[in-house]
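Colleague: The residues making up each chain are set out below.
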Amino acid sequence: MVEAISNGLSGLAAGTLHLHWTNPVMIAIGCGLLYLGIKKDFEPLLLVPIGFGCILVNIPLADVMGEGGFLRTIYDAGVITELFPLLIFIGIGAMTDFSPLLQNPVTFLLGAAGQFGIFLTLGLALLLGFTQLDAVAVGIIGACDGPTAIYVSSQYAPHLLGAVSVAAYSYMSLVPVFQPPIMRFLTTQKEKNIIMSNKGIKPVSKTAKILFPLVMTICGGLIAPMGLPLIGTIMLGNLMRESGAVSRLTKASENEIANVVTLFLGLSVGATMAGDAFLNPKTLLILALGFIAICLDTVCGVLFGKLMCFLSGGKVNPLIGAAGISAFPMSARVVQREGQKYNKRNYLLMHAMGANAGGQIGSVMAAAVMLSVLKGMGII
Amino acid sequence: MSVTVEAPMPGKILAIKVRAGDTVKEDDELAVLEAMKMENLIYAPAGGTVKEIKVEAGQNVVTGQVIFIIE
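Protein chains in written order, with our numbering: chain A, 1 to 380; chain B, 381 to 451.
Treat the hints with care, since some could be wrong.
So these bits of chain B aren't anywhere near chain A, every CB distance computed over 12 Å [what the hints assert, rightly or not]:
hint, residue
1, G401
2, G428
3, I433
4, K434
Think about it this way: if two alpha-carbon atoms lie no more than 25 Å apart in a straight line, the pair counts; the simulated DMTMM-like pairs of lysine to aspartate or glutamate are [said to hold, decoys possible]:
hint, chain 1, residue 1, chain 2, residue 2
5, B, K392, B, E419
6, A, K341, B, E414
7, A, K344, B, E409
8, B, K397, B, E436
9, B, K397, B, E451
10, B, K417, A, D97
11, A, K344, B, D402
12, B, K417, B, D407
13, B, K392, A, E254
14, B, K397, B, E386
15, A, K199, B, E409
16, A, K199, B, E386
17, A, K202, B, E386
No lab work stands behind these hints, which were simulated from the structure alone.
We put the beta carbon where it would ideally sit given N, CA and C, even for glycine.
Bound-form chain A, shown alone (with noise of 0.2 Å):
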């Protein structure tokens, strides 16, 4: 009797005898990620599931990413399978207006110039000795953009999920604070004070509109197959918006189902930072990387600014190249901000709009070109 309670007794004790140093380490990370996401509002709705499922998974005997758990079903069902982050991408789409980016298409350029990041971080990566695989994943943490870093890293490096699922999500949500030193820097006075008018600037038809998802789903998908489940899924959201057709659908791609699948991927992900897995020098170098990545996108997004404003006789403020990227609308906002700390009566929202949008188009390229090249290689 005596010993069939004492051996009960020890049971309770068992979660605590098995601690590892890694798991209150990992325990006290997730709580930072909680932190963030709930008192400093940083990315809430991602570092908050991420930050509990962290917490879930280090604590020793609950097994919740063992045969069976119910974290290891959520993973199997939506990260393995790449569903979380395609899904989340129609909602993304639904969400998303491309009309600024359609009214004035050179921004597009500007999207583009601000994924070379990425590959600039993907060359850092394989010179430090990272796998081609491991160094794409890194790499893509450039493209400011969760579910694109979520769907590259879950299939061709699922072991650094973690790491650059937190980079990611933090560094987005850090735009504001990195992005305008490096605007400062890169640009002059006279280019800063760039007034951009907005007269002139057309409408964009209902037609356009339509056709636009469809036209860079064919042509992007034949440029990149391998990309085409990340292009094809954010255009049938803006395709659902623009069609006002489907208004059941994209309300519910763009509430319901974004919210549950966001819920179910942060879990996955935080699922997937184990002390043992995630504790190491490997990690901190990814967190390196990847805010190497988001500084060098703002970096050549800003140069290929001036760029364009030395090509149109000083007409384009370089400040919108920071939007290039594709942490929309934020970094949109940060160079409106920054653009009228310097000329109250300059509002470059609608143009940086359209780079933003151009930003968020071209990372979902960037992914999808690297994973054909990468096919084309026979490395995938």
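Based on these hints, arrange chain B on the given structure of chain A.
Modeller: Same frame as chain A, but now just chain B:
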């Protein structure tokens, strides 16, 4: 000499921060314009007296639409 203050982009006037007859200085805040789900301040391009307010809060405006006349 009159100065017109026009909407810099399409959006909705969320708030008017002055009244007709108010004296304003250059760069004083005149109104809040919501565009692309962002609140943007509209500033006085020159000092003077607000002669006329051509819009009201809650109204949608287009690029170039006159919002204020300052004398």
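Colleague: Holds or violated: K341 (chain A) with E414 (chain B), Cα cutoff 25 Å?
Modeller: 18 Å, holds
Colleague: So if I understand the rule, the pair passes when the alpha-carbon distance is 25 Å or less; does K202 (chain A) with E386 (chain B) pass?
Modeller: Holds, at about 17 Å.
Colleague: Take a quick look at G428 (chain B) and tell me if its Cβ sits farther than 12 Å from every Cβ on chain A, holds or violated.
Modeller: 16 Å, holds
Colleague: Would you check the hint for K397 (chain B) and E451 (chain B), treating anything up to 25 Å between C-alpha atoms as holding?
Modeller: 17 Å, holds
Colleague: Would the pair K344 (chain A) and E409 (chain B) pass a check requiring their Cα atoms to be no farther apart than 25 Å?
Modeller: Between K344 (chain A) and E409 (chain B) the Cα gap is close to 10 Å, so the pair holds against 25 Å.
Colleague: For K434 (chain B), is the shortest CB-to-CB distance to chain A above 12 Å, so the non-interface label stands?
Modeller: Nearest chain A Cβ is 17 Å from K434 (chain B), so the label holds.
Colleague: Would you mind confirming whether the straight-line C-alpha gap from K417 (chain B) to D407 (chain B) stays at or under 25 Å?
Modeller: At roughly 23 Å apart (the allowed maximum being 25 Å), D407 (chain B) and K417 (chain B) satisfy the hint.
Colleague: Check the hint pairing K344 (chain A) with D402 (chain B) against an upper bound of 25 Å on the C-alpha distance.
Modeller: 20 Å, holds
Colleague: Taking the closest pair, is the beta carbon of I433 (chain B) still more than 12 Å from chain A?
Modeller: About 19 Å separates I433 (chain B) from the closest Cβ of chain A, which puts it past 12 Å; holds.
Colleague: Would you assess whether G401 (chain B), listed as outside the interface, keeps its beta-carbon beyond 12 Å of every beta-carbon in chain A?
Modeller: Check passes; 23 Å lies beyond 12 Å.
Colleague: Does E386 (chain B) sit within 25 Å of K397 (chain B), going by the straight-line distance between their CA atoms?
Modeller: Cα-Cα ~15 Å, so holds.
Colleague: Sort out whether E386 (chain B) lies within 25 Å of K199 (chain A), counting only the CA atoms.
Modeller: 11 Å, holds
Every hint, counting from the list given before, is met by this structure.
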